[in-house]
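Please arrange chain B on chain A, whose structure you already have, making use of the hints.
There are 2 protein chains.
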Amino acid sequence: MTIKNVTVLGTGVLGSQIAFQSAYCGFDVSAYDINDELLARAKKSFEGLAARYEREVRGAAGGPARAALGRISYWSDLGKAVSGADLVSECVPEKLGLKRAVYRELGAVAPEKTIFTTNSSSLLPSEMAESTGRPGRFLAMHFASEIWVHNTAEIMGHPGTDPDVYTAVVDFAVDIGMLPVELQKEQPGYVLNACAIPWMGAALKLLVDGVCDPETIDKVWCIDKASEGPFHNLDRVGLNTAYDIYAASSDPRLRAGARYVKEHYIDQGKLGQPTGEGFFTYPPPEASHHP
Amino acid sequence: MTIKNVTVLGTGVLGSQIAFQSAYCGFDVSAYDINDELLARAKKSFEGLAARYEREVRGAAGGPARAALGRISYWSDLGKAVSGADLVSECVPEKLGLKRAVYRELGAVAPEKTIFTTNSSSLLPSEMAESTGRPGRFLAMHFASEIWVHNTAEIMGHPGTDPDVYTAVVDFAVDIGMLPVELQKEQPGYVLNACAIPWMGAALKLLVDGVCDPETIDKVWCIDKASEGPFHNLDRVGLNTAYDIYAASSDPRLRAGARYVKEHYIDQGKLGQPTGEGFFTYPPPEASHHP
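Residue numbers (my numbering), protein chains in the order written: chain A, 988 to 1278; chain B, 988 to 1278.
Isolated chain A, as found in the complex (with noise of 0.2 Å):
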């Protein structure tokens, strides 16, 4: 399963960044838009994102981005547009009835070997999978935006992908240079919606609840908490501290969780930075300045 083909449908923000950041890395890019005029602004977001690669990606200027661009072609026909096409990422917007229709269109166009991939950030592959004529072929992979920064890509398949079609397109992230997140199952939200969504939700009510400003409460957390992943905090808040939080929740599921750093870390011992050991490891504080 080669991809040397891809084709971006919908040049929306994201979808534009996909396409840009796919043809930087080498892939020829076929940028599909419904009309002239929207694909006349496409060609605008990549000449903008062309001059942001130079500024800001090591290595883009003098050449490397202008060149890009020239690796992208312009399509309002979707057949053609996916004619060779050896992969799809799906960015039109986020509405089912919407994406079913494309992908019925879509498999009916595309040909046999086209692994399809959507790009959506709230629904499930799962929901779209008939509609695309190939479920074994179809699964989604999520960006961020400003994908030159933020370069992750997180894969996730239904119940009926593939595995060797999971595993070509976690090979393809990497190749255009994304961190892949590989999902073992579907979860709505992927990985850092499902984070993020709860903790963003948790900074409204305090705004809400009148406790304190939003300037105030980003301020304390980037100091507090910045390039700090959740796991590392929990070994950091200590994980018999953590078990204490979660084993009193009204949630089962975290109450669940609560049972699992108990079996898998405190009856071993392993209670986080207090003992060196958690879900990472720690050295010791002078170790870690005397090697």
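Since the hints were derived computationally from the structure, they do not count as laboratory data.
All values reported here derive from a predicted model rather than from experimental measurement.
A few of these clues could be false.
Each pair may be met inside one copy or between any two copies, as identical chains are not told apart.
[What the hints assert, rightly or not] For lysine-lysine, the following DSS-like pairs were computed, each having C-alpha atoms within a straight-line distance of at most 27 Å:
id, residue 1, residue 2
1, 1172, 1206
2, 1030, 991
3, 1172, 1100
The following block gives chain B in isolation, referenced to the frame of chain A:
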């Protein structure tokens, strides 16, 4: 309300850090613990902290960190420990009954002028206020571990806290190099844990449900969300999308959050980064590079 003499009750991990940071910033510090063995251990902690400050804090080497050690005295008699105290930082173990008992004893022996602050991370000041015998001079000032890096002080009164006392404590936090986070009302978990607990819980669910592993979750979080607070992230998501997410929540406080976003931002055409203004304002991408 001049604060010069500080007494720290309890010389555990955070108690020692608060004591040392205060001494490092020029305050006279009385370190109290319940017996001489713990005080001997505290002395070793302070020496370890002095060494870490010398390595990690700009300007601490060559005298200042050592000088801080000379401003700390050691006490196992509570009355003597607080005889000259302008401010007490109480860092005894996180058990309500124990804290109340300590406050009853403290209230009886401390001078009238002394302000009491609790570093409790999970209790509310109103739960302890009466035990102090001086509820007006009592509030919470909560620190994060590795105080010299994570230099935040969350300051939270109960309904009976004297506003002048609150202000004096905010000033003290600034004087020991902290960013004071002023909470306008009592909030379990303050700001940081109120945001971090749902965030860590969501990550724990992904692990327990077999969606993804801790290493990958932390890595993708750090790539995509590093150095970004929750409100900045709401602006990045776009406030229309944020509204859709929280308006559909089963939690009435999150639905109130959605309404707040609509009334204060969306209805004014402020959609976050897509329009350049939301909780914060954003220069257009070009402008930030060509001033």
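Verification of the supplied hints:
1. In the homo-oligomer, the alpha carbons of residue 1172 and residue 1206 lie at most 27 Å apart only across protomers (19 Å), although the nearest pairing inside one protomer, at 35 Å, exceeds that limit.
2. For the homomeric pair residue 1030 and residue 991, the shortest alpha-carbon distance inside one copy (21 Å) is at most 27 Å, but the shortest distance between copies (65 Å) is not.
3. For a Cα distance limit of 27 Å, the shortest separation of residue 1172 from residue 1100 inside one copy, 24 Å, qualifies, whereas the shortest one across copies, 60 Å, does not.
The structure meets every hint from the earlier list without exception.
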